[in-house]
Amino acid sequence: MNDSILEMRSITKRFPGVTALKDVSLGVREGEIHGICGENGAGKSTLMKVLSGVEPAGTYEGEIHFRGQPVAFHSVNDSEAQGIVIIHQELALVPHLTIAENIFLGNERSRSGIISWGETNAQAAKLMRRVGLDENPVTPVGQLGVGKQQLVEIAKALSKNVRLLILDEPTAALNDDDSEHLLGLIRDLRDEQGVTSIIISHKLGEIAEIADTTTVIRDGSTIETVDMHGGGTGPSGRALIPRIIKGMVGRDMDSMFPERSAEIGEEVLRIEDWHVTHPTQPDRTLIDGVSITARAGEVVGIAGLMGAGRTELAMSVFGRSYGREISGQVFMHGRPANTKGVADAIASGIAYVSEDRKRYGLNLIQDVRRNISAAALGKVSRSGWIDGNQEISVAERYRRSLNIKTPTVLSTVGQLSGGNQQKVALSKWLFTGPDVLILDEPTRGVDVGAKYEIYTLINELAEQGKAIIVISSELPEVMGLADRIYTLSAGRITGEVSAADATQEHLMELMTMERE
Amino acid sequence: MAGTSDIKGLLTRNVRQSGIYIAFVFIVLLFTVLTGGSLLSPGNLTNLILQYSYILILAIGMVLIIVAGHIDLSVGSVVAFTGAVAAVVVVQHGLPWWLGILAALGVGVLVGLWQGFWVAIVGIPAFIVTLAGMLIFRGMTMQTLGNVSLSPFPSSYQKIAGGFVNGLFGGPGYDVFTLVLAAAVVVVFALQQWRARLAKLTYDQAVEALWIFGIKVAAVAIVIMAFAWQIAHARGLPMVLILLAALILIYSFVSQQTVFGRHIYAMGGNLQAARLSGVKTKLVNMMLFVNMGLLSAIAGIVYSARSNSAQPGAGNMFELDAIAAAFIGGAAVSGGVGKVQGAIIGGLIMAVMSNGMQIMGIGQSTQSIVRGVVLILAVAFDVYNKKRAGSES
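Residue numbers (full-length UniProt numbering), protein chains in the order written: chain A, 1 to 516; chain B, 1 to 393.
Keep in mind the hints are simulated off the structure, nothing from the lab.
Given the structure is predicted, the values throughout are model-derived calculations rather than measurements.
All residues carry an ideal CB built from backbone N, CA and C; glycine is no exception.
Heads up, a few of these hints could be off.
To spell it out: a stretch of chain B is covered by chain A in this simulated footprint if at least three of its residues, at any positions, have a beta carbon under 8 Å from a beta carbon of chain A; those stretches are [stated by the list, open to error]:
1. 245 to 259
2. 267 to 274
Cβ-Cβ distance ranges computed for the label pairs, FRET-style [as the list claims (entries may be wrong)]:
3. A:Gly378 / B:Trp194: 45 to 55 Å
4. B:Val33 / A:Arg359: 49 to 59 Å
5. A:His96 / B:Ser365: 49 to 59 Å
The whole structure should be built from the sequences, with the hints applied where relevant.
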């Protein structure tokens, strides 16, 4: 452990309207495991995109030196040619092809265009031994569990003579045994084969256990680089977790939050002992015994990092729209509520505003008016016939009260800005007349001005006596909005804190708590 | 003037909808010139309606299926099958004509339930289900008919497609009733347009300038009256035209003004969002296919009545004409976009082209090529439009 393998100096990357990276520097030494920690949106992924050439040279400022040479990658092919391989959280394998075919996809073992199957399978078997994958090379990848698929990805990286392996949240989708095995493998690759790794992870315990050095990133800037062995004298390993958390949070409360004076009343929603299993992986429990309550006029925050099960919790409650083997009970106003289908959930007074409005929230090719009425057509129709004039006046009412900036309510939603699309999505759910409004990342992709308007709206709704649940990974947002905050980690509620007592450090500690 | 807009703005903004009407007018004019006016002669106009009515009926159902993001390849076979059932009831067993119609409609609904089951409940893509249906119902047609054609139908049954309302009010060499009815349609159309314009103004939306509005209404009125005048000078008002007009009215209304119609567009536009808005997607899919079965049965009745027989090979390739009509009429391949009126215009474009080329004596092979090229161009126009819309945002 000595020479530097990678040196990224003063990287600045701007997207229209935002600076994603500000003067970031990252130094990785040959033969080490380097952890990168930061909140969602801190800039970790962007930094890795710059490194791997997904964001081509010339679109950012700063220099990259790899193995002592300045480099300028224009595509992923360029960076792979130098031995930099990135494995994304969403695996990029073709399920119907065999392990061997996947390992050599795009890099086929062939002679004059004809694939040499003997060589393909023999070399694949050799690579699979290196990663400890005990399977037949001709098994289709789709038949493997996620843990083993992850190993196929690593074998694929090794086939490209990898020098620097980048793993983005490698254990987020794995169970404990598979995680253990994967981390062991990364360690072995370092010790026995001299492969340098960068690991991006939210699981701080994991980072503490495996990383030699950790860089903390916040708001697009490097905060500090921590020697996880303490230089032989200082604190090391797990003892450094509080220091890393301090670096990750400490984000300024840059957005102002409007004042609110809602009377908190009776309990409206109660969820008891909620369990959800992954829709296609029956051995993965996504939500494990969650119980939460929300009262009239109360804003309840659910804070959790990516993969904690926030959206899975909300969508499974909302008409069982996600997951399988859902168990537990939902009470509205103290009585058991029927939430078996989406229509039932809406009728029970629950509304869910999705974090992904383009995919789950809006019909982008349709106009503002028809999007607003979409979830409550019964309110603008009589025995199946829609009253077009009433529908327009409803849309007009929401356009005015939520200040949706659109030429007319007959304009197509796809043409509006993110903030205005979000207001259309909110209008749609407000028009269903809910008692409980679940807002999943309500200000994602929304500019600062519209953010403040949405915060104000949330407060107004609480004042009207609605119970509001805000799911967010931005701690200042949760702390600024909520009266009471639940922290979610690995599908379990790890804490319940009143907003007045909450600190970012304390919440982040609860959010990164791992299963004992 | 606030709330109004100029012609250019109107045209560019509504090019997707108005483009098809302009294309239709252009094609009619082109073939009127090419056929030396025969295209618009009283006899030929009547013939055009009788000959293509069943395609238009199918296009109505097809456009809804396509808007929801599906396709139906089986309608040609279902037309044959339902016609065969009616023939067995009426021709073979000598039962009254209305029993034949009820039997055909019933079979159409059953076919729809069958296909709806596989698409909505089991979740097989409609392309596969209806491809299978195309084979299954063609085979059933052959078995029902014992592989021979059944004819003739009694005149009461034939009247459905070949009958005319004529001489109800008398008239000197032409049918006054047809003209009176057409005039009534024009008045209702003008009033409805005026009401829609007022409603738009109330909600402060852009409307075209008054003189453009006037020209638009006058143009439609002239076209309808001229058409009625020609028809009245042939054999009078075809019964099929009344049926067709009723279906167009009902389905335009159902698709634009009802909760059911709205759910179809919502599913085609974004299926996930529709599901998360409480749309019962299985039920809507089931209803769509039952409806398609019912309309196929109506087309089957009309077709068998017009050809005065039920044949094992009837309705061959009808599905392709109906699908082409929907796409030429502006339906989007990816779903969520398309209108009943558009599909009707699309079907009429196909009809005028085929009919015009027949009059000109152009061979089947060339006709087929021309129609294929028109279909490609129509969809290319749609794709081009979407790309342009995409690059704007």
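Structure-based check of each hint:
{"no.": "1", "hint": "245 to 259", "result": "holds (count 3)"}
{"no.": "2", "hint": "267 to 274", "result": "holds (count 5)"}
{"no.": "3", "hint": "A:Gly378 / B:Trp194: 45 to 55 Å", "result": "violated (30 Å)"}
{"no.": "4", "hint": "B:Val33 / A:Arg359: 49 to 59 Å", "result": "holds (51 Å)"}
{"no.": "5", "hint": "A:His96 / B:Ser365: 49 to 59 Å", "result": "violated (42 Å)"}
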